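There are 2 protein chains.
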Amino acid sequence: MITLYDLKAKGPIGTWSPNPWKARYVLNYKKLPYRIIYTEFPDIEVVSKEAGIPPYGKKPDGVTPVYTSPAIIDDATGTALSDSYKIADYLDKAYPDTPKVFPTGSEALQAAFYAQFAPTLSALVPFVLPKVPAMLNERSAEYYVRTRAAIFGGKPLDQWELVGEERSEAWGKMKAGFDKLDGWLSKGSGPFFMGDVVTFADFVAAAALQGLKIIFGENSEEWKDITEWNNGRWDRLLKDLEEYAGVDVEN
Amino acid sequence: MITLYDLKAKGPIGTWSPNPWKARYVLNYKKLPYRIIYTEFPDIEVVSKEAGIPPYGKKPDGVTPVYTSPAIIDDATGTALSDSYKIADYLDKAYPDTPKVFPTGSEALQAAFYAQFAPTLSALVPFVLPKVPAMLNERSAEYYVRTRAAIFGGKPLDQWELVGEERSEAWGKMKAGFDKLDGWLSKGSGPFFMGDVVTFADFVAAAALQGLKIIFGENSEEWKDITEWNNGRWDRLLKDLEEYAGVDVEN
Numbered sequence: 001m002i003t004l005y006d007l008k009a010k011g012p013i014g015t016w017s018p019n020p021w022k023a024r025y026v027l028n029y030k031k032l033p034y035r036i037i038y039t040e041f042p043d044i045e046v047v048s049k050e051a052g053i054p055p056y057g058k059k060p061d062g063v064t065p066v067y068t069s070p071a072i073i074d075d076a077t078g079t080a081l082s083d084s085y086k087i088a089d090y091l092d093k094a095y096p097d098t099p100k101v102f103p104t105g106s107e108a109l110q111a112a113f114y115a116q117f118a119p120t121l122s123a124l125v126p127f128v129l130p131k132v133p134a135m136l137n138e139r140s141a142e143y144y145v146r147t148r149a150a151i152f153g154g155k156p157l158d159q160w161e162l163v164g165e166e167r168s169e170a171w172g173k174m175k176a177g178f179d180k181l182d183g184w185l186s187k188g189s190g191p192f193f194m195g196d197v198v199t200f201a202d203f204v205a206a207a208a209l210q211g212l213k214i215i216f217g218e219n220s221e222e223w224k225d226i227t228e229w230n231n232g233r234w235d236r237l238l239k240d241l242e243e244y245a246g247v248d249v250e251n
Numbered sequence: 001m002i003t004l005y006d007l008k009a010k011g012p013i014g015t016w017s018p019n020p021w022k023a024r025y026v027l028n029y030k031k032l033p034y035r036i037i038y039t040e041f042p043d044i045e046v047v048s049k050e051a052g053i054p055p056y057g058k059k060p061d062g063v064t065p066v067y068t069s070p071a072i073i074d075d076a077t078g079t080a081l082s083d084s085y086k087i088a089d090y091l092d093k094a095y096p097d098t099p100k101v102f103p104t105g106s107e108a109l110q111a112a113f114y115a116q117f118a119p120t121l122s123a124l125v126p127f128v129l130p131k132v133p134a135m136l137n138e139r140s141a142e143y144y145v146r147t148r149a150a151i152f153g154g155k156p157l158d159q160w161e162l163v164g165e166e167r168s169e170a171w172g173k174m175k176a177g178f179d180k181l182d183g184w185l186s187k188g189s190g191p192f193f194m195g196d197v198v199t200f201a202d203f204v205a206a207a208a209l210q211g212l213k214i215i216f217g218e219n220s221e222e223w224k225d226i227t228e229w230n231n232g233r234w235d236r237l238l239k240d241l242e243e244y245a246g247v248d249v250e251n
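Protein chains in written order, with UniProt numbering: chain A, 1 to 251; chain B, 1 to 251.
Rather than coming from a laboratory, the hints here were simulated on the basis of the structure.
Small disclaimer: the values here were computed from a predicted structure and weren't measured.
Just so you know, not all the hints are guaranteed correct.
A pair counts as met if it fits within one copy or between any two copies, since identical chains are not told apart.
To be verified - DSS-like mimics (lysine-lysine), calculated; alpha carbons at most 30 Å apart, straight line:
hint, residue 1, residue 2
1, LYS173, LYS93
2, LYS58, LYS187
3, LYS100, LYS10
4, LYS30, LYS173
5, LYS59, LYS187
6, LYS49, LYS187
Please work from the sequences and hints to get the whole structure.
Shown next as structure tokens:
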């Protein structure tokens, strides 16, 4: 049995964070059975250590380990690891009879795509991060607010909100990121990054979209905007991948 | 017949600029016959206009057209276009019986890779640009020095040379870019970006390497360094693609 470590949200909200979404998509796509453990932000480190999950990497000090979600433990192989990319890579290799999310021959280009994905959409940060605490239980919200302010130069999250022209301009930059993705996608025959084959690249984009949808709210102006960009490509992508979305809302 | 517009270098130096190298690799790979017209930098615009080649894009003023090399004219279809990426894409579509440099299904990921390639190796700029004028005839050299200074904040090219620790640090950044490429390549089974199939991504990397090799000089310390990075991957890539390199040195 595979255990997926996801992040715990408030009340009935299920998976909300783009990174665990990627792992969930991949597990569902491969039809691998798994159970989910939802963890509060301040507990990720202790839960990971107890479960024998190695750290994702190190803090900028080069010493302090960083533990993150998602992580998985696979009892069948005794493997424990974090990082959605590494998890996908592991599952491709450990379960060669399941459909590959990194089709043979595409691995290097998938890696290049993945390295560029977050920077391409970095303009979403000022819109998204301030809205995250409202989705979390109090302990996680407090932790999130404190640690994110520290990462982003000390500015408290509740002072991030942009208004007026500044907001329009920042939103335009966010759209420009999606335009870039759309430009790449338009080179192929679609609907997916590799044509009619679903791959990790699609789950990366869809996970970001799932995050935006739940963080902004399905009925928000922001989400409505996004669904109208690039000829409705983004909502369509979520629909095309819906069979692999399988959200467990009992957390 | 296809005509390739390349850049003219001094004396016996053939193709030296990475961008025309890409087009040349693609034409050779597809075994399409072509002739070459070598153009001096200050003549690119007038030669392009006379030949009916549309501009590559616009200057930052949003109005003035920019003409670049490489460009091709294909008499068979009456097509004239510039930009190595567009040329490759055109040739894939116009000559569907030749091997594709953008294999079906890889187009979007190739585009994502290509968008990231130059930024990944941007640390080569301070090493490479000051060495370019020495390879050009006087008119082109004067033009190059003048226009590059204008693009890069007015600093004359001959004042770009780094020394001592500053140079080591900048060289380390250049290596870090190659390490990144190597990291992506290492995800696949190699030797090429798509495994054992040659694609545009390989020509993009090889064209940059060809440029570095000729600009630094085959016997330079710099080129020796590069050939030793990443377990000799880069010189090996050039050798693996040698049959498509076909340099015409009579310019």
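Hint by hint, here is what the structure shows:
1. In this homomeric assembly, LYS173 and LYS93 never come within 30 Å of each other (Cα to Cα): the closest approach is 38 Å inside a single copy and 33 Å across copies.
2. For the homomeric pair LYS58 and LYS187, the shortest alpha-carbon distance between copies (22 Å) is at most 30 Å, but the shortest distance inside one copy (37 Å) is not.
3. In this assembly of identical chains, the alpha carbons of LYS100 and LYS10 never lie at most 30 Å apart, being 33 Å within a copy and 51 Å across copies at closest.
4. Taking the shortest Cα distances, LYS30 and LYS173 never come within 30 Å of each other, neither inside one copy (35 Å) nor across copies (39 Å).
5. When the C-alpha separation of LYS59 and LYS187 is checked against a cutoff of 30 Å, the pair qualifies only between copies, where the shortest distance is 25 Å, while the shortest distance within a copy is 38 Å.
6. For the identical chains of this complex, LYS49 and LYS187 are inter-copy neighbours only, at 28 Å across copies versus 44 Å inside a copy, given an alpha-carbon limit of 30 Å.
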